[in-house]
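Trainee: The lines below spell out each chain.
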Amino acid sequence: MRVLRATLLGRPRTAAAIVVAAVLAVVTVGPSAATSHALTGVTYAGEGSSVVGPGGGSGSVPFTSKAPPRAFSISGRAAGLFPGRSESLVLHVTNVESFPLVVTTLTTTVRGASASCRAANLAARTFRGRLSVRAHGTATVAVTITMSASATNACRDADFPLLFRGTAVRPS
Amino acid sequence: MTGRARRGRQWLVAVATAMAVPLAVVTPAQATWSVSGTGTAAALSDVMPSGTQPTASVTGASVQLQWSAASFAGGGSVAAYVVNQFNATTGSSTSVGPGCSAQVTGTSCTETGVPAGTWDYSISTVEHNWTGAAGPLSSAVTVT
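Top line first, the protein sequences correspond to chains D and Y. Quick note on the working numbering: the first sequence kicks off at 1 and runs consecutively. Quick note on the working numbering: the second sequence kicks off at 1 and runs consecutively.
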């Protein structure tokens with residue numbers, strides 16, 4: 001019993017305390033990092049961190065936070081499409097954050113205009129690059145949108161809903 | 001210092017040290033985050049323009065037809081046209097003869113071998129699979 005008591009109160013116990021505290025600290029730091037960037041409402045993922053204490057224990061706590069709908073909004077409009085015709089779809093990216101962003105991808109998903117004029121009749125290119133948007137500012141970029149040459153009469157005077165999704169990073 | 005006090009201080013130091021370690025480890029991850037944005041809008045297709053009114057003239061058994069190009073509201077002329085022929089007396093549609101029977105990519109054509117009678121013509125538009133309405137009828141022409 002005396003031997004056991006010595007082990008618990010000696011260095012092994014100190015090492016265990018370090019490991020436990022380290023894991024607790026990671027759990028605490030993850031969410032607070034999100035708050036410090038004012039990303040409430042934005043879904044983002046940070047990389048998991050691994051901590052190894054002096055006692056040899058380790059812990060890994062990936063953190064993910066769900067937040068507001070967006071850090072930036074995307075809008076755009078295209079018109080004048082007919083079979084085989086390509087038009088510029090000018091996308092306006094508005095940064096709602098108080099820090100600059102660099103938009104790296106903008107993807108457009110086309111929805112069908114009607115039951116007889118399906119989404120496959122329209123194709124929009126994806127933007128991949130680096131589009132800088134200043135804090136609370138707006139930037140524009142054009143992507144090509146093309147109507148299929150095989151579009152039928154059902155696609156005349158049609159209105160295709162477009163959904164945009166983009167990703168951005170905060171410049172270092 | 002008593003044994004209890006010493007052990008308490010050991011715990012305090014251990015916890016403070018361990019809290020500092022992950023701060024240093026997690027900070028680099030903050031530079032890798034990305035944010036997302038969304039939005040909605042619409043893409044509008046054009047209205048297919050109707051044909052324009054042709055002019056018709058007769059030379060023997062041939063009828064020369066001319067019309068102006070039909071354009072989309074958003075710009076660009078239609079790719080082709082279809083000539084429609086009607087008996088001006090009865091109003092019934094009839095087959096168009098050689099020279100104007102297929103899709104015409106220009107804005108004129110000459111129909112040959114036209115039977116005797118009085119005829120009028122209209123022009124419809126074509127863009128790939130899209131077809132537009134026929135435009136106004138031409139003045140009637142008589143082939144004798």
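Hints in this document: simulated from the structure, not taken from any laboratory. These numbers were taken from a predicted model, which means no experiment stands behind them. Hints should not be assumed to be uniformly reliable.
Under 8 Å between C-beta atoms, here's a sample of chain Y residues computed to sit facing chain D [claimed, not checked]:
#, residue
1, Ala42
2, Leu44
3, Met48
4, His128
5, Pro136
6, Ala140
Even glycine gets a Cβ: it sits at the ideal position worked out from N, Cα and C.
Trainee: Decide, hint by hint, whether the structure agrees.
Mentor: Here is what the structure says about each hint:
1. Ala42: holds, 5 Å
2. Leu44: holds, 4 Å
3. Met48: Since the shortest Cβ distance to chain D is 5 Å, the answer is holds.
4. His128: holds, 4 Å
5. Pro136: violated, 21 Å
6. Ala140: Constraint on alanine 140 (chain Y) not satisfied, violated at 30 Å.
Checked against the numbered hints listed earlier, the structure breaks hints 5 and 6; every other hint is satisfied.
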